[in-house]
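Enquirer: Take a look at the letters that make up each chain.
There are 2 protein chains.
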Amino acid sequence: MRLALAQLNPVVGDLAGNGARILAACRRAATEGADLVLTPELSLWGYPPRDLLLLPARLEAQSQALDGLAAALAAAPGTPAVLVGVAEACGERCLPNLHNALALVEAGGWRVVARKQLLPSYDVFDERRYFRPASAPALLELECRGRSWRLGLTICEDLWVEEELQGQRLVGPDPIAALQPLQPDLLLNLSASPFSQAKGSLRRQLASRAAGRLGCPVVYVNQVGGNDELVFDGASFVVDAHGALLCRLPCCQEAVTLWDAAASPGPGEGAGSLAPEPEPLEQLFRVLVLGVRDYAGTCGFQQALLGLSGGIDSALVAVIAAAALGGNRVRALLLPSPWSSAGSIDDALALAGRLGLRTDTLPIAALMAGFDQALAPALGGEPTGVTAENLQSRIRGSLLMAVANAEGGLLLATGNKSELAVGYCTLYGDMNGGLAVIGDVYKCRVFELCAWLDSPAAASCRADLGLPASGELVGAAIRHKPPSAELRPNQQDSDSLPEYAVLDPLLEALVEQRRSPEQLGAAGHDGALAERVMGLLRRAEFKRRQAAPVLKVSGQAFGSGWRMPIAAR
Amino acid sequence: MRLALAQLNPVVGDLAGNGARILAACRRAATEGADLVLTPELSLWGYPPRDLLLLPARLEAQSQALDGLAAALAAAPGTPAVLVGVAEACGERCLPNLHNALALVEAGGWRVVARKQLLPSYDVFDERRYFRPASAPALLELECRGRSWRLGLTICEDLWVEEELQGQRLVGPDPIAALQPLQPDLLLNLSASPFSQAKGSLRRQLASRAAGRLGCPVVYVNQVGGNDELVFDGASFVVDAHGALLCRLPCCQEAVTLWDAAASPGPGEGAGSLAPEPEPLEQLFRVLVLGVRDYAGTCGFQQALLGLSGGIDSALVAVIAAAALGGNRVRALLLPSPWSSAGSIDDALALAGRLGLRTDTLPIAALMAGFDQALAPALGGEPTGVTAENLQSRIRGSLLMAVANAEGGLLLATGNKSELAVGYCTLYGDMNGGLAVIGDVYKCRVFELCAWLDSPAAASCRADLGLPASGELVGAAIRHKPPSAELRPNQQDSDSLPEYAVLDPLLEALVEQRRSPEQLGAAGHDGALAERVMGLLRRAEFKRRQAAPVLKVSGQAFGSGWRMPIAAR
Numbered sequence: 013m014r015l016a017l018a019q020l021n022p023v024v025g026d027l028a029g030n031g032a033r034i035l036a037a038c039r040r041a042a043t044e045g046a047d048l049v050l051t052p053e054l055s056l057w058g059y060p061p062r063d064l065l066l067l068p069a070r071l072e073a074q075s076q077a078l079d080g081l082a083a084a085l086a087a088a089p090g091t092p093a094v095l096v097g098v099a100e101a102c103g104e105r106c107l108p109n110l111h112n113a114l115a116l117v118e119a120g121g122w123r124v125v126a127r128k129q130l131l132p133s134y135d136v137f138d139e140r141r142y143f144r145p146a147s148a149p150a151l152l153e154l155e156c157r158g159r160s161w162r163l164g165l166t167i168c169e170d171l172w173v174e175e176e177l178q179g180q181r182l183v184g185p186d187p188i189a190a191l192q193p194l195q196p197d198l199l200l201n202l203s204a205s206p207f208s209q210a211k212g213s214l215r216r217q218l219a220s221r222a223a224g225r226l227g228c229p230v231v232y233v234n235q236v237g238g239n240d241e242l243v244f245d246g247a248s249f250v251v252d253a254h255g256a257l258l259c260r261l262p263c264c265q266e267a268v269t270l271w272d273a274a275a276s277p278g279p280g281e282g283a284g285s286l287a288p289e290p291e292p293l294e295q296l297f298r299v300l301v302l303g304v305r306d307y308a309g310t311c312g313f314q315q316a317l318l319g320l321s322g323g324i325d326s327a328l329v330a331v332i333a334a335a336a337l338g339g340n341r342v343r344a345l346l347l348p349s350p351w352s353s354a355g356s357i358d359d360a361l362a363l364a365g366r367l368g369l370r371t372d373t374l375p376i377a378a379l380m381a382g383f384d385q386a387l388a389p390a391l392g393g394e395p396t397g398v399t400a401e402n403l404q405s406r407i408r409g410s411l412l413m414a415v416a417n418a419e420g421g422l423l424l425a426t427g428n429k430s431e432l433a434v435g436y437c438t439l440y441g442d443m444n445g446g447l448a449v450i451g452d453v454y455k456c457r458v459f460e461l462c463a464w465l466d467s468p469a470a471a472s473c474r475a476d477l478g479l480p481a482s483g484e485l486v487g488a489a490i491r492h493k494p495p496s497a498e499l500r501p502n503q504q505d506s507d508s509l510p511e512y513a514v515l516d517p518l519l520e521a522l523v524e525q526r527r528s529p530e531q532l533g534a535a536g537h538d539g540a541l542a543e544r545v546m547g548l549l550r551r552a553e554f555k556r557r558q559a560a561p562v563l564k565v566s567g568q569a570f571g572s573g574w575r576m577p578i579a580a581r
Numbered sequence: 013m014r015l016a017l018a019q020l021n022p023v024v025g026d027l028a029g030n031g032a033r034i035l036a037a038c039r040r041a042a043t044e045g046a047d048l049v050l051t052p053e054l055s056l057w058g059y060p061p062r063d064l065l066l067l068p069a070r071l072e073a074q075s076q077a078l079d080g081l082a083a084a085l086a087a088a089p090g091t092p093a094v095l096v097g098v099a100e101a102c103g104e105r106c107l108p109n110l111h112n113a114l115a116l117v118e119a120g121g122w123r124v125v126a127r128k129q130l131l132p133s134y135d136v137f138d139e140r141r142y143f144r145p146a147s148a149p150a151l152l153e154l155e156c157r158g159r160s161w162r163l164g165l166t167i168c169e170d171l172w173v174e175e176e177l178q179g180q181r182l183v184g185p186d187p188i189a190a191l192q193p194l195q196p197d198l199l200l201n202l203s204a205s206p207f208s209q210a211k212g213s214l215r216r217q218l219a220s221r222a223a224g225r226l227g228c229p230v231v232y233v234n235q236v237g238g239n240d241e242l243v244f245d246g247a248s249f250v251v252d253a254h255g256a257l258l259c260r261l262p263c264c265q266e267a268v269t270l271w272d273a274a275a276s277p278g279p280g281e282g283a284g285s286l287a288p289e290p291e292p293l294e295q296l297f298r299v300l301v302l303g304v305r306d307y308a309g310t311c312g313f314q315q316a317l318l319g320l321s322g323g324i325d326s327a328l329v330a331v332i333a334a335a336a337l338g339g340n341r342v343r344a345l346l347l348p349s350p351w352s353s354a355g356s357i358d359d360a361l362a363l364a365g366r367l368g369l370r371t372d373t374l375p376i377a378a379l380m381a382g383f384d385q386a387l388a389p390a391l392g393g394e395p396t397g398v399t400a401e402n403l404q405s406r407i408r409g410s411l412l413m414a415v416a417n418a419e420g421g422l423l424l425a426t427g428n429k430s431e432l433a434v435g436y437c438t439l440y441g442d443m444n445g446g447l448a449v450i451g452d453v454y455k456c457r458v459f460e461l462c463a464w465l466d467s468p469a470a471a472s473c474r475a476d477l478g479l480p481a482s483g484e485l486v487g488a489a490i491r492h493k494p495p496s497a498e499l500r501p502n503q504q505d506s507d508s509l510p511e512y513a514v515l516d517p518l519l520e521a522l523v524e525q526r527r528s529p530e531q532l533g534a535a536g537h538d539g540a541l542a543e544r545v546m547g548l549l550r551r552a553e554f555k556r557r558q559a560a561p562v563l564k565v566s567g568q569a570f571g572s573g574w575r576m577p578i579a580a581r
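Taken in sequence, the protein lines are chains A and B. Each residue of the first sequence is one higher than the one before, counting from 13 in the numbering used here. Each residue of the second sequence is one higher than the one before, counting from 13 in the numbering used here.
Check before you lean on any hint, since a few could be wrong.
Just so you know, same-sequence chains aren't split out, so a pair can sit in one copy or run between any two.
[Stated by the list, open to error] Calculated pairs, DMTMM-like style, for lysine to aspartate or glutamate (alpha carbon to alpha carbon, straight line, at most 20 Å):
1) K555 / D63
2) K555 / E419
3) K555 / E100
Please keep in mind that the hints were generated in silico from the structure rather than gathered at the bench. All of these numbers come straight from a predicted model, not from anything done at the bench.
Let the hints inform the model, and build the full structure from the sequences given.
Expert: Below you can see the structure in the form of structure tokens.
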């Protein structure tokens, strides 16, 4: 049986467009002799559709899209059937009244053949808001090339049942165990699994475990593309009954790849194509690039804009933006104040030159003086301290938004996760933007990514993404200067914060691992420092609530997976 | 049996403080001879605790708070036992691993006596993220005054099982039906039910229905207070077996009220105190006041700040803020531009005078000119159109934030729901603030509220809340001027938007009722206009994602109950 793994990049909510995308994959698969096309979870909607699922008119549009797809398959004999991810209305008024389901669409008709059993409602996921769980396993029997195939069907989380691999699993049935007595020839898992670091390996371990338990190969098809804060990395694959990798699709790009399931595979049989698997830093970089490209594309932006300070964060975002959209579609503003170092301006201009960005330099000193003068009657004098520092950031933010408004560009926020965690950022200032590109990347990781980008190891990735392949990109001058917001003379981040090499591990313990300062103190960390950092973290909640969507690349990002109260103790 | 209905206002996450609050209610109830104290759902945490429930250290703190409460009861003989809302760890590693539960705390010990069966995961609720549902009904048998009492225990949504009253109900068991064979003497429902218009009547209908099905009185205890975007209005009550109201607690304030349950109540027996029930507009006003007061109080703000334009929205927010904090703790900035009418400034100053607000007038013309000059090199000329209009708004937003930063005040955003829906507001400008006070109030309702505030009907409420009781408050000049953003000469909202009397019903159909433009066209509305408004609604999603928390007063507010994708079609 020849399967086409269609690792698609649907647009959220675009039922007609996604139907056309699926049809195109079927037509392409037909030319390569596929018997069945596999698409990701909720492929007709794009994952996550969120509250679009609550709109009755959208559910009607889904039926039309499915009818249209079935009619198109009928109109082109020889086009294979396709498994499509759908939201199935279960005909009851009690809420939730949908199933997260798979429909088999064939020439002239479609029917639901599987329903998801384990519905994630942790982290960024809200599936219990929309869906009710199914309790029965799904087995699809298909006649193909003269024999009957028994396909076990699972949807994403249904495969995530190995507590000791995952750390924690969702309460509920074990869909793999339920399939064992049904003796499938193949297990299919159609997913929309967002990227986070080290998740690729976990997915393969889970698939291997299921393959072993069922004694059959596992075909894992993942969505690809960026949808608001989530980036899906694709990297679909097939493992054999012993967990050996037979086929792997590329990371971070659409692909339709054929794989032949053998009726009774012998050892070593069934190998398909193996796309290269990038190293972790390259994966991270490609994911960020994809997140920016798709957010801009789906929102209809032709160009992006950012403030370039000469610091490492905005430098990294500039590189990502240039890779996502092309340097000629990225515009950089340099917004120096009297406290900006000459080096910063030179470094920013040199970087922009390497990336081919258009730059404008708009000094802000006159506006700073204007605000000082305007505010004096209300403040009884000129603003000082944090008030004055925030004003500089807000002047810059207003200038950036003005250019974005005038040109219809997407402003990219350049703050990193360390800053966002402790509130070392200005609301309505440097936090401005439609997307917080590196808001889930700790400062130490920003340094690592930039060091990698400037290393020979990044050359082929840079070339592949249209960046200059040789020479320094971020540049040693930017990578090696001490972090500074340059909001007062000779300011350095380390005046207000611990060194990032100390801060970042503490934040990871408090945020990702949800440990308390007391626990950290007891474990030998600096408990008083942990307490102080926890206080900063809590007090910055109001800022994060108004932050731009943060591209999620870790297990615990700020955004929809971090739901902390603001007014709390 | 003498019950104390403790309508408490806990602080989210403050386990020790909330324990002390509960203990104080028990001591007060003891002086009035109570046998049992009833507190709201999750009263030890404050509802909603959100992701604080995921922190293991907080669960340990909960155990300590419960132990401390039990010890305090033991130390003061005669203090009644108390039902406390808790998160019960269910001892399994699978997620979610908590129950939303009730603990009976008595002298020297505590035990869980009920677990919630219906877990809301719609609108603003995420209970499936934290809790697993119980499947069994809870009956608590208590010896009291020489007889045994059978108390049916339910938690909030467990009472919401009447599809034809609610429109839609949650899938799952019917906890009331499950209690029928257990023949309770009383049904208790301990809730944290946020305010929305017309919900008070629905709560009483649901309680009356349950009372009829069980043939016993129903005691309904609700939380009171504002927690971020949610405001809990209290208004706890008791109905008899026939649904007649026996006791009612006040709206929007803490109260501990005693009610005597009769062993075999005859007709007309069992009446307790009946606090007055405000009219709908007064309820709405009191809820908004409470929301501001608690947000400011819990976040530790001593004063609030807002921009006063002379328009009706900022006028209403000024009145709410003055009622919440006292006029002497509210500061108003007048930020006139060359396009501001003299009337607007005079009207704003007169309003501030009536409310006793401190004002400063900071003209923005020089800053507008400064930005024009600064931006010219990047824009190839001075900003025009929307870019120029947004700049004015952002200059004002930066001035307001500077004063808020310098003085540690809470900036209140003044935009209404109609504006927030169609994006007739400026991100990083007039949207600035820690709380969007009337972001869930449509413009037409803003007019109604202000007309009510200026009417004799509001006199006693105004006096009660420390506002001037007589004379106009908002003022006819402000109430009767045509809405205008005053961002260009002679601008009126109706230049860009339909009249609010047309727009607001359309928005309500699209937002609250989730109807589509096609459906509205088919139902006789202006389909093309509905389509245009829907487009505006969708395109403003990115602004709302970065909005301040909006005090929710409707069935569908923007905020955590509105989870629409941004990058979508």
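Enquirer: Now tell me if each hint is right for this structure.
Expert: Hint check results:
1. K555 / D63: between (24 Å within a copy, 17 Å between copies)
2. K555 / E419: Between. Shortest inter-copy distance 18 Å satisfies the 20 Å Cα cut-off; intra-copy 27 Å does not.
3. K555 / E100: So K555 and E100 fail the 20 Å test inside a copy (38 Å) and across (31 Å) alike.
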